[in-house]
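Start from the sequences and build out the full structure, keeping to the hints where you can.
Chains as they are written, first to last, in the working numbering: chain A, 60 to 446; chain B, 60 to 446; chain C, 60 to 446; chain D, 60 to 446.
These are calculated hints, taken from the structure and not from any lab test.
Model, not experiment: these values are computed from the prediction.
Honestly, I wouldn't trust all of these hints.
Identical copies look the same in the list; a pair holds intra-copy or inter-copy alike.
Said to hold, decoys possible - Result set (DSS-like, lysine-lysine): computed pairs, CA atoms no more than 25 Å apart in a straight line:
#1 K175 <-> K161
#2 K90 <-> K295
#3 K161 <-> K90
#4 K175 <-> K267
4 protein chains.
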Amino acid sequence: MTTFSAISAQLEGQAIEVPSWAYGNSGTRFKVFGSPGTPRTVEEKIADAAKVNEFTGLAPLVSLHIPWDQVDDFAALRRYAEDHGIGLGTINSNTFQDDDYKLGALTHTDPRIRQKAIDHHFACIDVMDQTGSRDLKIWLAEGTNYPGQGDMRGRQDRLAESLATIYDRIGDDQRLVLEYKFFEPAFYHTDVPDWGTSYVQVAALGDKAYVCLDTGHHAPGTNIEFIVAQLLRLGKLGSFDFNSRFYADDDLIVGAADPFQLFRILYEVIRGGGYGPDSGVAFMLDQCHNIEKKIPGQIRSVLNVQEMTARALLVDAGALEKAQADGDVLLANEIFMDAFYTDVRADLAAWREERGLPANPLKAFLASGYQDQIETDRVGGTQAGWN
Amino acid sequence: MTTFSAISAQLEGQAIEVPSWAYGNSGTRFKVFGSPGTPRTVEEKIADAAKVNEFTGLAPLVSLHIPWDQVDDFAALRRYAEDHGIGLGTINSNTFQDDDYKLGALTHTDPRIRQKAIDHHFACIDVMDQTGSRDLKIWLAEGTNYPGQGDMRGRQDRLAESLATIYDRIGDDQRLVLEYKFFEPAFYHTDVPDWGTSYVQVAALGDKAYVCLDTGHHAPGTNIEFIVAQLLRLGKLGSFDFNSRFYADDDLIVGAADPFQLFRILYEVIRGGGYGPDSGVAFMLDQCHNIEKKIPGQIRSVLNVQEMTARALLVDAGALEKAQADGDVLLANEIFMDAFYTDVRADLAAWREERGLPANPLKAFLASGYQDQIETDRVGGTQAGWN
Amino acid sequence: MTTFSAISAQLEGQAIEVPSWAYGNSGTRFKVFGSPGTPRTVEEKIADAAKVNEFTGLAPLVSLHIPWDQVDDFAALRRYAEDHGIGLGTINSNTFQDDDYKLGALTHTDPRIRQKAIDHHFACIDVMDQTGSRDLKIWLAEGTNYPGQGDMRGRQDRLAESLATIYDRIGDDQRLVLEYKFFEPAFYHTDVPDWGTSYVQVAALGDKAYVCLDTGHHAPGTNIEFIVAQLLRLGKLGSFDFNSRFYADDDLIVGAADPFQLFRILYEVIRGGGYGPDSGVAFMLDQCHNIEKKIPGQIRSVLNVQEMTARALLVDAGALEKAQADGDVLLANEIFMDAFYTDVRADLAAWREERGLPANPLKAFLASGYQDQIETDRVGGTQAGWN
Amino acid sequence: MTTFSAISAQLEGQAIEVPSWAYGNSGTRFKVFGSPGTPRTVEEKIADAAKVNEFTGLAPLVSLHIPWDQVDDFAALRRYAEDHGIGLGTINSNTFQDDDYKLGALTHTDPRIRQKAIDHHFACIDVMDQTGSRDLKIWLAEGTNYPGQGDMRGRQDRLAESLATIYDRIGDDQRLVLEYKFFEPAFYHTDVPDWGTSYVQVAALGDKAYVCLDTGHHAPGTNIEFIVAQLLRLGKLGSFDFNSRFYADDDLIVGAADPFQLFRILYEVIRGGGYGPDSGVAFMLDQCHNIEKKIPGQIRSVLNVQEMTARALLVDAGALEKAQADGDVLLANEIFMDAFYTDVRADLAAWREERGLPANPLKAFLASGYQDQIETDRVGGTQAGWN
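Now the structure itself:
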């Protein structure tokens, strides 16, 4: 098997975007539990996100959600982030919380509402121009709840038209990334339910349009790493929304539900050229820390991605290729599992220390007093959440 | 096949409980859309529920949720309902919205929190004494999100103890009904995830404890009518929460997603002795009208149940039994499908008119002006929802 | 609602291909139960298939599977079929039963085995030239059982190359149709697991390549009618393999598990231009009658498709479009359901009689004595099955 | 965390039963691929099974399937096994391959067929008396394919009666173990589809009746370790059928699809008292090596169970309990994951060597020449399979 020292250089520069909303409150339709220390402002979210990067060296960008993170002066916000050692990343639009969007936004039958949703994306592009963000991420929370409620095909056509209008506004160095989701919040049909639909839509747009793969947005039993391989083969994998799930879109800490699946996904990313600074694939988190502490939850998440990346890099590609060519099913599987079963945690701790990072970022964060401080300081105001 | 006239008497007295919360706003974790005319008070919910009964003759009871429907004087509320022609039905407890219950209620490791949750159920029993309700329904929204977070077996033991304490307080003419749910709001494990767990818990309690089957609370591919047959065989089917779903617990209008499944369920109810005034099985709705109008949504729901009940009653039991005994797979299936495929709507319209009900309850309701009136009248105040 | 007389002309000419293998024995990995009267030869399968058409007028073509239906003289077989009143339809290839294909065929790492699989498809095209078949259907039963066993991306590339080689041989009036399947017989990954993959592969081939949608080949919860709408929108829906399922690829009688789903699928077919003689969409059955009688099973199947087609044609398109545009969720759903709930069986019986067909094809077949005769006559020999 | 040395004694005496049928050919309904060296006789299967024990020290028993392993003299077979260093374990009955059982066996409407199936189980008990087996395992491959085909409730009643008759014949030191399965080979309903049904049936029988949990027999998303905890709590977990799956009952090598799930299951086994010589819980494999070599496949399987057992034993129970009591979600999860992420392979290799076993059992087996020898020797005859 490949040794850790042989892959250690490849771990350099791994960058994971953290979502601003992970630092705010979230929950289920039944209840959003608040927690002490939750940010009240975008700036406080960014300050928290910066801590994840400070202790792990893995999270140099924070992703924003409009309008949740709307501010008057995004240039100032960018400087604020940079002062905290991080940058502003992907801009996420929102077409699911305005009353007008009850039955659709970019797909709505009413041209006025479609235009309103398009205008919102134009505004997001304006934000990108100020924040220096590369990606506009569109998650379409659109669909229908009852058979017959909508014309699925007509909606698909209107979606294509709306996206084309938005795409025309995308700058030369910017990208449009279209996320798909199996179900929720619509229950009967979703307008972009699978990678195929997202692919077909972005392929029709052009070279600056890509697919976003959220690891929690698939039917049970779906082989997600196959989709990763396919999208990389087609040159259309734009970004990941990492999280994990047991049944629906649980938005749990990435790697928590099935670490072996995360390993397999990362293996295909690496094998397909999706890893590394020039790959063009953004690694993002999209998670909810409903019951656990949020900053530690984010630290755990980026560490999980790093750890499984290291294990995936350890796969002995040459030996694997030979076993595959020989049709030696058990040996090929063993070579693959050998990397997964290797405990890289001590090596990663040493690797961190060499780079001036704490060996155990979570423990170091907990010892830093930051959590206590924000729990003490952040009294009053309205805790940030999904609104 | 059996004729409609032969079954028409069996349709008499069908009673479906409607949930008070169906008349309030509901949504997903992403957004709760409000709608004009939504009740602000328990009384307004009851007034709306009474309309469903007025136009269909099918919904003589409204089920309450505590604390959402907490009032100072439940005896007065009961009179209010009776003045509107309906009664108060099942009392539903709530152990998922208090901050103390973030990590559990009846299963919590902390005896103080368990006692608080038990006390809440005692309070619910007090309400039942005033409302004349028979059933205390417990849905345990408890579980864990991460492996290792809780001791699943210890939680099961504590649950048994908590339930036993509550059960001791149940009156002679009252029942405890325990609902199971596959997942949500907990994502890794749920403390009562399946009928087996609910059955084991209620069987340990005694003769006044039963299982509640919510049709949306199962894994994909689960044969729900088998569970109905099994619970009736064991004498432990207490009540239904009817709704329908495509993937998760969508809480859509019952029969909307898979009318044939509803037919099969009702067939097993009838075949197993669960239908009729003396069966002891409560038919309830548990639905969310997130995007559709609420009173019409409820009317549609009770009509769907009635319509599939009528079709299920049409199955020619004698012919079916013979075909089954003969091992004639296709004939048995055909006899079964024959009833399902029969359009009973015209017969039901006539049946209604004979009983002084409108032939088309939905159309009659829409023509009644009630919806317009509440949309006009109910201005100001806070629309009711899940809080 | 539209009336039956208004749609009756549209029911003319509906043509459903029946699969030759439905008349042979089939089963599960645990057991194949034989049944009296099962064909021993291709000719006997065709004779049985012809009965389905004789009694229903719906099944003018029988689809063949090579090598199960290999004969020396396909031109003679074609005449044999025509003498029985039917034609030979789609040719299905088989790359899953030769020992060489244990680890792959068109995707295999060994060029010799790939060429062997390609040659098999060339042979199938030769058959098509003799039978006059339009479609070569390729179901790739290829994939891997264990992570690491194969290079999923390399397999995809080899598949593309193999398909291109086959496609080059396809005649001007012929088509290549690529079927996708979620899982089975491979368990970890399947090389064409979803519509997206099939679409991407056939789009790369050219205008004579299409997707085949088997209704049983999806993950639980998948909205199949959405895929129908999407593929029709993309101009790439080539054919259906109709059947039904409760959980996996059960291959039950189409419409048996969820008649409402079949209705929804057929509605999208019609709405998207996939219905009718010029649509280019082939309606095929792909079913297994493991325990029920086979010819009656096929008759039931084509009747189910016809019946749900009739109901789907009954949808009042104008009223539906208006309700959708008005955002009237309940009314749109009601208009849709109204067609589904309409019992068209009596109208269809009359329609048949007008055309010289038996009002009740199944009863007429059972009364015809054919089943008894083949059970008496077909003694000795080897009953046809999947080999 | 607990150290390996602290748990090493607990690894002593771990015993996993291997199934005789894993050494024969298996496949899917589409194809059974043969492989060189496959046993032709029960004795050859036992000889192969003995090799697994010889190289791992983990597999002292081989489980038999009647009639696949029927011999004239089971006492002689027992001596044969003992001469090879292993014993004969669980006896598995078969009620799914006789033509009489097409529509049911223990549940059949025909008392003659029920009695035939009961008699088969009596014969199995006679075998147990000769082999010294403790457990009679009943997997009911019974159910229906079409709604209406059978009377689900009547079948449940007949099943109870049949099982009671069999149970009466069970010896004082013998047990009846009832396996449940979600679906397959029946597709609409299965007579024992879930743990609840199996539990209800065995609880009605008495103290010598238990549930068998096959890890591949659940709906997607089912929390299997919860069921383990529940059955241990109820004192009714009799045995495991270990294997793994991605979607259906794939029967892959245990731990291959989701090693973390296997870890969680084994943790609950240990925590619930199901591990160790006096626990009464039998660890069995039930797998199919369709494409991989069979003896190495079995060696890999028992090693996977041992490895995940070791990891599960490493969980720091005291620290975990404290974190759970403190409500520290992330810390509890971390303690749990810490054990899972620990690579125990080097420690286990040393542990083996201390006990005179090869450090790497798979490598040692491959080097032993046994596989080559059987591939050379076993020419002619009929390779064993599922018949």
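* **Identical-chain pair category, K90 with K295, by Cα at 25 Å** => neither (37 Å within a copy, 31 Å between copies)
* Is the C-alpha distance from K161 to K90 at most 25 Å within one copy, between copies, in both cases, or in neither? -> Answer is both: 21 Å inside a copy and 9 Å across each meet the 25 Å cutoff.
* Asked: Taking 25 Å as the upper bound on the Cα-Cα distance, should K175 and K267 be classified as within, between, both, or neither?
  -> within (23 Å within a copy, 41 Å between copies)
* To do: Classify it for me, K175 with K161: is the Cα-Cα distance of at most 25 Å met within a copy, between copies, both or neither?
  => The answer is within: 13 Å in one copy meets 25 Å, while 39 Å across copies does not.
In terms of the numbered hints stated before, the structure departs from hint 2 and from no other.
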